[in-house]
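From first to last, the protein sequence lines stand for chains A and B. Residue numbers for the first sequence follow my numbering, so the first one is 80 and each next one is one higher. Residue numbers for the second sequence follow my numbering, so the first one is 8 and each next one is one higher.
Hints may be right or wrong, so weigh each one.
Calculated pairs, DSS-like style, for lysine-lysine (alpha carbon to alpha carbon, straight line, at most 25 Å) [unchecked claim]: (1) LYS185(B) / LYS173(B); (2) LYS69(B) / LYS158(A); (3) LYS164(A) / LYS173(B); (4) LYS57(B) / LYS104(B); (5) LYS61(B) / LYS46(B); (6) LYS158(A) / LYS173(B); (7) LYS74(B) / LYS46(B).
Don't read these hints as lab results, they were simulated from the structure.
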Amino acid sequence: MRISCPHCGERDHREFEYLGSAKLLERPDGGDRAAFHDYVFQRKNPTGENAELWQHVMGCSAWLHVVRNITTHEITAVKLARDVKAAAR
Amino acid sequence: MADFKLHPSEAPIGQPIEIGETILACIQPANILSIAPFKGQGMAVTDTLKAVLKLALPTVGKVTAKKHIRAMWAGQGQWFVVGDIALEALTEALDTKAAVTDQSDAWVVLTLEGADASEVMSRLCSLDLGALEQGQTARAEFAHMMSCITPTSAGFEIMIMRSFAKTAIHHTREAMRKLAAQQAL
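Please model the entire structure based on the sequences and the hints provided.
Laid out in structure tokens, this is it:
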């Protein structure tokens with residue numbers, strides 16, 4: 080599996096560290112307990128494409144928003160997590 | 008200001024290690040300065056560097072050089088300025104523009120040179136070395152450790168954290184030894 084880092088180009092997946100669902104970018108207001116419970120614990124478990132957070136820890140240290148097909152491991156999109164977060168604002 | 012700098016008691020490699028057609032050496036620069044511009048301050052940092060060192064911050068994956076001083080990209084939002092630099096003056100000039108830390112004692116600069124340097128590198132680093140051109144630099148895995156790999160006219164420069172230097176030298180020496188042994192068959 081290879082991930083195409085927006086800064087560094089295509090690199091072997093051993094240079095990256097997996098964090099979890101990209102839902103972590105959508106942190107709700109701390110006051111809403113139900114929403115925060117969902118944010119911390121509730122995850123979809125799709126068989127197809129899933130948005131995930133990876134860090135290029137052996138490379139440029141950037142956090143990446145990676146769309147990966149969980150069944151085939153095909154990666155269809157890689158963006159900087161900060162850009163995805165900025166676009167969502 | 009008090010001198011907080013650690014002065015390493017010994018160089019990681021005293022004499023260059025020569026095995027087969029490859030030479031591993033340590034060329035430690037006088038200073039390594041990490042510069043991480045604050046939000047929206049990238050241009051201001053470049054202007055300051057141009058005024059003080061006549062050097063601009065390079066773009067992603069690039070190196071700029073002026074005489075013996077180099078500025079190299081070192082990851083997202085981070086650059087290293089390497090060479091004999093007036094640290095205090097530069098730190099002061101960048102005061103409100105960037106987070107500046109003295110990394111002189113934190114990183115070790117190794118060079119791998121000789122006819123088989125690429126062969127040895129390819130045993131230690133998953134980077135596409137053929138695609139790496141002069142003037143470029145890459146943050147990449149080197150012997151399972153994070154590093155900065157920069158091609159030079161004679162081979163490669165490998166920057167590695169000082170705490171990992173012994174391990175990096177061990178793995179490089181092993182790769183050099185094994186390549187030489189294979190070639191002797």
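Each hint tested on the structure:
no.: 1; hint: LYS185(B) / LYS173(B); in the structure: 18 Å, holds
no.: 2; hint: LYS69(B) / LYS158(A); in the structure: 21 Å, holds
no.: 3; hint: LYS164(A) / LYS173(B); in the structure: 40 Å, violated
no.: 4; hint: LYS57(B) / LYS104(B); in the structure: 14 Å, holds
no.: 5; hint: LYS61(B) / LYS46(B); in the structure: 23 Å, holds
no.: 6; hint: LYS158(A) / LYS173(B); in the structure: 36 Å, violated
no.: 7; hint: LYS74(B) / LYS46(B); in the structure: 29 Å, violated
Violated hints, in rising order: 3, 6 and 7; the structure is consistent with all others.
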